[in-house]
Amino acid sequence: MSRMRTPSALAGLLLVLVTLVLAVIGPWLWGAEAERFDPLHTLQGHSPEHPLGTDDGGRDLLARTLAATRQSVWLAVLATLITTAAGVPLGALPSVLGPRAARFTSGLIDSLVAFPVLLLAMFAALLAGAGARGAVVGIGVAAVPGLARLTRTLADTVAASDYVAAARVLGAGRSAILVRHVLPNIAEPLILTITANLGYALLGLATLSLLGLGVQPPDYDWGRLLHDTLPRVYVDPEVVAGPALAVALAGTGFALLGESLARASARVPVAPVAPSAPSAPRGESRTVLPPGCGPLPEAPEAVLEVRDLTVSFGGVTPVREVSFSVAPGELVGIVGESGSGKSLTALAVGGLVPHPGTVAGRVLLGGRPLAELTRRELGTRLAMVFQDPMAALNPALRVGSQLAEVATAHLGASRGQARKRAVERLGRVRLPDPEAQARRYPHEFSGGMRQRAVIAMGLMGEPELIVADEPTTALDVTVQKRVLELLAEVNETTGAAGLLISHDLAVVSQHCGRVLVMYAGRIVEELPSSELRRARHPYTRALVAASPDLETDRSRPLATIPGRQPASAEVPAGCAFAPRCARALERCRTDRPEPVDGLACWNPETA
Amino acid sequence: MFLLRRATRFALSLVLVVLASFAMLHLIPGDPVRAALGPTAPREAVEQRRAELGLDRPWPEQLRTYLGKVATGDFGESFLSRQPAGQVVADRFPATVQLVVVTVALALLVAVPLGMAMAARTHGGRGRRSELAFTSVTGGLSVIPEFLLAVAMIALFGVVLRWLPVAGKDGAASFVMPVLALAAGPTALLARLVRMETLRELSSDYVRLARAKRLPAVRLYLVHLLPNSLTATLTTGGLVLTSLLGGSVVVEYVFQWPGLGGTTVEAIAGKDYALAQAAILVYGAVSLTVVFLVDLALGLLDPRSRPRMLG
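Chains A and B supply the protein sequences, listed in that same order.
Quick note on full-length UniProt numbering: the first sequence kicks off at 1 and runs consecutively.
Quick note on full-length UniProt numbering: the second sequence kicks off at 1 and runs consecutively.
Think of the hints as simulated: they come from the structure by calculation, not from any bench.
Only a predicted model underlies this, so the values are computations on that prediction, with no experimental measurement involved.
Built from N, CA and C at the ideal position, the CB exists for glycine as well.
Treat the hints with caution; some may be incorrect.
[Claimed, not checked] Some chain B residues judged to face chain A by a derived CB distance under 8 Å, without partners named: (1) Arg126; (2) Arg129; (3) Pro145; (4) Ala212; (5) Ile268.
[To be verified] Only pairs whose alpha carbons sit at most 25 Å apart, straight line, appear in this in silico SDA-like list of lysine to any residue: (6) Lys420(A) <-> Val223(B); (7) Lys420(A) <-> Gly448(A); (8) Lys169(B) <-> Val97(B); (9) Lys420(A) <-> Glu377(A); (10) Lys69(B) <-> Leu127(A); (11) Lys481(A) <-> Asp205(B); (12) Lys169(B) <-> Pro231(A); (13) Lys420(A) <-> Pro216(B); (14) Lys169(B) <-> Val110(B); (15) Lys169(B) <-> Leu230(A); (16) Lys69(B) <-> Val110(B); (17) Lys169(B) <-> Val235(A); (18) Lys420(A) <-> Arg219(B); (19) Lys169(B) <-> Leu180(B); (20) Lys420(A) <-> His443(A); (21) Lys169(B) <-> Phe157(B); (22) Lys169(B) <-> Gly212(A); (23) Lys420(A) <-> Val110(B); (24) Lys420(A) <-> Arg211(B).
Hey, can you work out the whole structure from these sequences and the hints?
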């Protein structure tokens, strides 16, 4: 079991095993010694015969501690049985009852959870009388609300799943669903939680006994031993060591084992983008210049100049040797299927590739490498717009202040100036009544308004380049159109260049002058949008054929591209598109075509 | 709507606590007065006491009297000392409040910056060793019960090193050990929570956009992340606060802190039911109030729920 490898789970397992062995053999081995009175050696500290000293009857405290294991564990088991017998049914009830009764039960569980466990336990112990029985009932009952709530939460998750919905459609009753579908699926996390509860019961019982409300003499558990020895801690601190350590080790053992396993089983393993490289640099990914890469001939007027950009995560390289440039005022589109590396290209242009990604090649903004630009320059000269405007604005802050902070952080503006600028920019993206909008929170905005606000945020500085990564994918079609028009307008009026990333060829071709087509991490063709219908790369052709427009013949099925794009870990040696390409030659499968005149293809379409 | 629902639940829970404290005397198996006075007490004394407490009347009438008395702050007389139970509680409770408030302040002051710093250090799979150290230490601390820390500290700092007073409440030094013993677990739990929440927020889109804006790290963490991660943290934090009340009972007992906890333990052990009743009533009401206030604070903090709350 791989999840046993966490140190806390291992430590817990070890402690639990030792405790259980001691619980079995403890009374046999040390029971007699623990009960043997010795009136001549009462209340002693450490000595060779009695390493932990003796109690008021001269009985050896080490032997008593070891012999008390069985009693302590046994009472904890009883208390946990009570918790389980009451908590699991109570938590499962809401999924069996009708909606009204379910809501009532849930409310009851929630109110009970609000009470401190120890107070519930003391209340129960008070009713049952101070003693082992009262303590067990008290600790057992006190943990019921917690377990009930966990059971309910787990049951809710399962009840919301598709297979339960299917069973319900098929006419299965609530109880049948609970027994057949819900309980088996939540059994594992429940059992682990109950294991952890055993630990907490052990600690709780020890607490009650320590307070004198639990086990009463002549019986003894660890808590009772602590209760008896505690007043002597000021003279002989070693006398409390035995029971204190025993409680600590056993209690935390069960708790650690249960908790760490429960966490491991509840967590959906989140696979990292790629296994981290052994020498992945820390912090923000840095730009590495490839060796022997001299100054490249670059168009001096280019706002953005990308040369041999390669982004890799460990052994996986989703972006490979991408080169392109964007002139001032130009709007360039990047299209490709998801997984083609277009979004990572956008992130690399923004210097935002997440850890542990590494970026090689060069990205020049206004002729200077990104790494050389100050934070202030990056913050004002470069604007980014991301796909989901619902998530891109901070829900806890007013829209106006999210805009204004750009001016205060980078332009040295006062709060008032920054605010004025924010309102003015919100007006520029055509938000009605910008003064009022600035005071609102993002949740009060519609999706289109949020995306406008994000664009306005980019305009807070004096952007030379706006990188928009699927800016309209999450929006309604009508809103999409207006946001795109706004981007085009901003591009026109401010002279800022734009890089528009989209999977939608229609979107890109309508607004951008030039289109870069990406496939499996590489640019396969670069062409003016007006030339798209005469594209030479078979992949571009296929993309054009697959995106319908008004002239598409509706009587024929829409063209699709057979096969799928290779994942970035399994890109073949030759042309990555070759396996799906009707025009592929033998050469395409072995030699990779280098881009020549904006086309990387061995056998391009001719007409 | 939100406010109304929360207030209703709060009121219902309070009623539940009052009813439970009333029912307590009646649920005790046998005769509570006999139990309190002991088996050797003369029958007449028991009968007289029962009459004094009104236990000989029918229970609906008792309930009415009880509710009336609780409403006017009359919690009856301690069985043992014959002092008004309300007075005893009022004398002892401030020391408990002081202990808990200092503990909460310390826990928040340590846990929030620590959790955020650990999140910043470990997000995106970096700093594996720091992560392991953090989760192991906080995992261990969060399950070790207060009284063990208390006993260990007494032995080390009080008896062996003699740095700190071992018991009682006398000046700032006497707060150190009780507060540390009480704060360790909640601090560890909260720090874990803050880290998890911050990690979740760090991978969100708005943080990416904030990074794209190249905001200074201080602004990114304090202005953008903190409000969002704190909401979820406080939800569980409220429960941590109430569990502190329970933990304080034990810590007070071990350090002989002159608070309500020790009194409650003595009352239960000595079968002083009136005093126990009053103490449980106070603890219950305080826990519920804390949870209610945290709920309200959350509603106010989160702009999304604000209009619903007021409207």
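For the pair supplied as a hint, Lys420(A) and His443(A), confirm whether the alpha-carbon distance does not exceed 25 Å. With a Cα-Cα distance of about 22 Å, the restraint between Lys420(A) and His443(A) holds, given a limit of 25 Å.
Hinted contact Arg129(B) with chain A - closest CB pair below 8 Å: Violated, because the Cβ-Cβ distance from Arg129(B) to chain A comes to roughly 12 Å (cut-off 8 Å).
Would the stated hint for Ile268(B) survive a check requiring a Cβ distance to chain A of less than 8 Å? holds, 5 Å
Verify the proposed pairing of Lys69(B) with Val110(B), using a straight-line Cα cut of 25 Å. violated, 43 Å
Within 25 Å, alpha carbon to alpha carbon, are Lys169(B) and Val97(B)? holds, 13 Å
So if I understand the rule, the pair passes when the alpha-carbon distance is 25 Å or less; does Lys169(B) with Val110(B) pass? holds, 24 Å
Can you confirm whether the C-alpha distance between Lys169(B) and Leu180(B) stays at or below 25 Å? holds, 14 Å
Have a go at the Ala212(B) hint: is there a Cβ in chain A nearer than 8 Å to its own Cβ? With a closest approach of 4 Å, the Ala212(B) hint holds.
Straight-line Cα separation of Lys169(B) and Leu230(A) no greater than 25 Å? Roughly 18 Å separates the two Cα atoms, so the pair holds.
Please verify whether Lys420(A) and Arg211(B) have alpha carbons no more than 25 Å apart. With Cα atoms ~23 Å apart, Lys420(A) and Arg211(B) stay inside 25 Å; holds.
Does the alpha-carbon distance linking Lys481(A) and Asp205(B) stay inside the 25 Å limit? Judged against 25 Å, a Cα distance of about 23 Å means the pair holds.
Take a quick look at whether Lys169(B) and Val235(A) sit within 25 Å of each other, Cα to Cα. holds, 21 Å
The structure shown violates the earlier hints numbered 2, 16 and 23.
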